[in-house]
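Okay, here's what each chain looks like letter by letter:
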Amino acid sequence: MSFELLAVFLASTIRLAIPLLFAATGELVSERAGVVNMSVEGMMLAGAFGGAVGAAMTGSPWLGLVFAVLTVLPIALLQSVLTNSLRANQIVTGIGINILVLGMTTLGYRALFGARSREVIPGFDAVPVPGLAQLPVLGPVFTQIWLVWLAFLVAAAVGWMLSRTGLGIVLRGIGDDPEAVAKSGAPVGALRHGAVLFTGVMSALGGAFLSIGDIHTFTEGMTNGAGYLAIVAVIFGNWSLWRTVLACLLFGAATALQFQLPALGIVVPNALLIMLPYLLAFLAVAGLVGRQTAPRALAQPFWK
Amino acid sequence: MNISMSSPSATLARIGPPLLAVLAALTVGLIVIVGMGAALDKALLAFWRGAFGNGYAISASLNRAVSLALVGIGFVIANRAALTNVGGEGQIAMGGIAATALCLFPPIAGLPLGLAFVVPLLGAALAGGAWGGIAGVLRTRSGTNEVIATLLLSFIATWLLYWCVQSEALLRQPMTSSATLPESLPIPEATHVPLLTGSYSSPVTLGLPITIALAAVAALVLARSLFGFRLSAVGLNPVGAARAGINVGGHIVSALFIAGAFGGLAGGLMLQGEQFSLKAGFSSGYGFDGLVVGLLARNSITGVLAGALLFGFMRSGGIAMEMGAGVPSALVSILQGLIVVLIAGVAYFQDRRSVR
Chain A
30 MSFELLAVFL ASTIRLAIPL LFAATGELVS ERAGVVNMSV EGMMLAGAFG GAVGAAMTGS
90 PWLGLVFAVL TVLPIALLQS VLTNSLRANQ IVTGIGINIL VLGMTTLGYR ALFGARSREV
150 IPGFDAVPVP GLAQLPVLGP VFTQIWLVWL AFLVAAAVGW MLSRTGLGIV LRGIGDDPEA
210 VAKSGAPVGA LRHGAVLFTG VMSALGGAFL SIGDIHTFTE GMTNGAGYLA IVAVIFGNWS
270 LWRTVLACLL FGAATALQFQ LPALGIVVPN ALLIMLPYLL AFLAVAGLVG RQTAPRALAQ
330 PFWK
Chain B
12 MNISMSSPSA TLARIGPPLL AVLAALTVGL IVIVGMGAAL DKALLAFWRG AFGNGYAISA
72 SLNRAVSLAL VGIGFVIANR AALTNVGGEG QIAMGGIAAT ALCLFPPIAG LPLGLAFVVP
132 LLGAALAGGA WGGIAGVLRT RSGTNEVIAT LLLSFIATWL LYWCVQSEAL LRQPMTSSAT
192 LPESLPIPEA THVPLLTGSY SSPVTLGLPI TIALAAVAAL VLARSLFGFR LSAVGLNPVG
252 AARAGINVGG HIVSALFIAG AFGGLAGGLM LQGEQFSLKA GFSSGYGFDG LVVGLLARNS
312 ITGVLAGALL FGFMRSGGIA MEMGAGVPSA LVSILQGLIV VLIAGVAYFQ DRRSVR
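Keeping their order, the protein sequence lines are chains A and B. Per my numbering, the very first residue in the first sequence carries number 30; after that it's consecutive. Per my numbering, the very first residue in the second sequence carries number 12; after that it's consecutive.
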């Protein structure tokens, strides 16, 4: 592999990993608090849609980003009320929301854009990081849109929050033994609501990255499983932040390889590379790669 | 199927909320159609024609309902042991792969007495069952959550199918030109599932009576057999069940195997009854829709059949509405999603009444 190709490969690995990283960071917080959101897929799709609509209407990707978050928050709230207030089955409601959002965004996109579909929408452009982008080989890696750096920053902040702050300890406690934490006086319900809403905001950013960050357009069902992949990253990351970040980068690399390997004349079945993240996560949960320790109260409703 | 045992008011309490949810969702559907500026009468007429208009439309809807019902019945059986099978999509894919491989294996097509289509169907059920069974074994051996395992296995199977139709060494038809599509050879006529009417103008297949028979057996086994009782025991109190001498692990594996086998059979029927060659995107959401049907039925096999018919006809009507009245069939997804969310949310009020 020549150095130029390596730099391109690294740059596209990061670019492909970022939507996952946003969503997975959000989902990690929620899962550590004991709530699984299968609706990450739908929330990302809604974020991509909201971002595209907002940016197209106002001409500003910044307002697009705001739109993305505003679009997703009601959906996250719906998920949160269903799982935390009504104690509905988390898997079921998540899948239901995904079906709902797929329908709504498809319908909404056709209603708003109609024949003008596939038009280019104002989006963020890649900006070279002064200094680093002039590096001889690795230069291209440091020419990215600013959201990329935000993703890493938020991930680091969440890592610090979960392991070093009181809030983090309480959140993790809620995920393992909500009854015990409730006895200590912590507002379990409110914290779980907050965790799900945080997942919503992060998924919105991940989705908006896809539409107005990466390709500057919206297509129906464009997340195409990225939300599920983010959940898989949390599982493969064994519910630890830094391992989840690595999982996202690994999954991004696997996707980048699909485009790189043919250029190098290496024939690997495409399907195998797409399957790889799921296969790795499956081997991990099967106990073949180390021990998995999911939060003990994961996906269990909390009854006061 | 135990309506006979419950009082009219209890029956109403059980089927009332799903019915209301469906009505509410349909109302939203009407509002959206009007809101999009489409002619309501034209849209509804197109929907009606697409769902019930002629023999072909009804048959297509029924065949859809068959796939959904099979996945749903499997879901209910696993759920009896408190297991959530979300892997229907992958189990359908494994069934499709196995059925294709068997149908294209020349000696099979030459089998007499209808075995030519029965053997691939059994193979499909077995493949789906094995795929579900893996999750059962993991759950028993290493305590892996079956939701996570079946979901991951589902994605793996979907891409396995993609691999099969992309690679000539597997199931892809021989490449004669660069325009050769990435799909399998068409399966021989002898392996097609026979049509009930014998005519392709109303192509409802033998899958329908098979599904009705399996539904009856499943309802009977769950309600009346020792196996059904043991599944409930394992689901309600695994520790107590083990103390009572029930092989808990064995029942968990069996439950997920059976659930997977139903999904695999659905895949076999889809291939041998409708599609006749394996393509990427073979299952296209039937696994998730079937899961939703199973879930909404709240453990009643009758409910699964009702839900499968509803979703089957809704899908067909929605597709016709898109072509005939310009209302995107995505509307059907919105209604389905709404129904799921409403019923799942309402379950809280139902359960609270019974538990507390």
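Simulated from the structure, these hints should not be mistaken for lab results. What you are looking at is a predicted structure, and each value in this text was computed from that prediction instead of being measured. Glycine included, every Cβ here is placed at the ideal spot set by N, Cα and C. Among the clues, some could well be false.
[Claimed, not checked] Partial list, derived from the structure: chain A residues whose beta carbon lies under 7 Å from chain B:
no., residue
1, T122
2, R139
3, H245
4, G294
5, V297
Here is what the structure says about each hint:
1. T122: 5 Å, holds
2. R139: Interface hint status for R139/A: holds (5 Å vs cutoff 7 Å).
3. H245: Constraint on H245/A not satisfied, violated at 23 Å.
4. G294: 18 Å, violated
5. V297: 11 Å, violated
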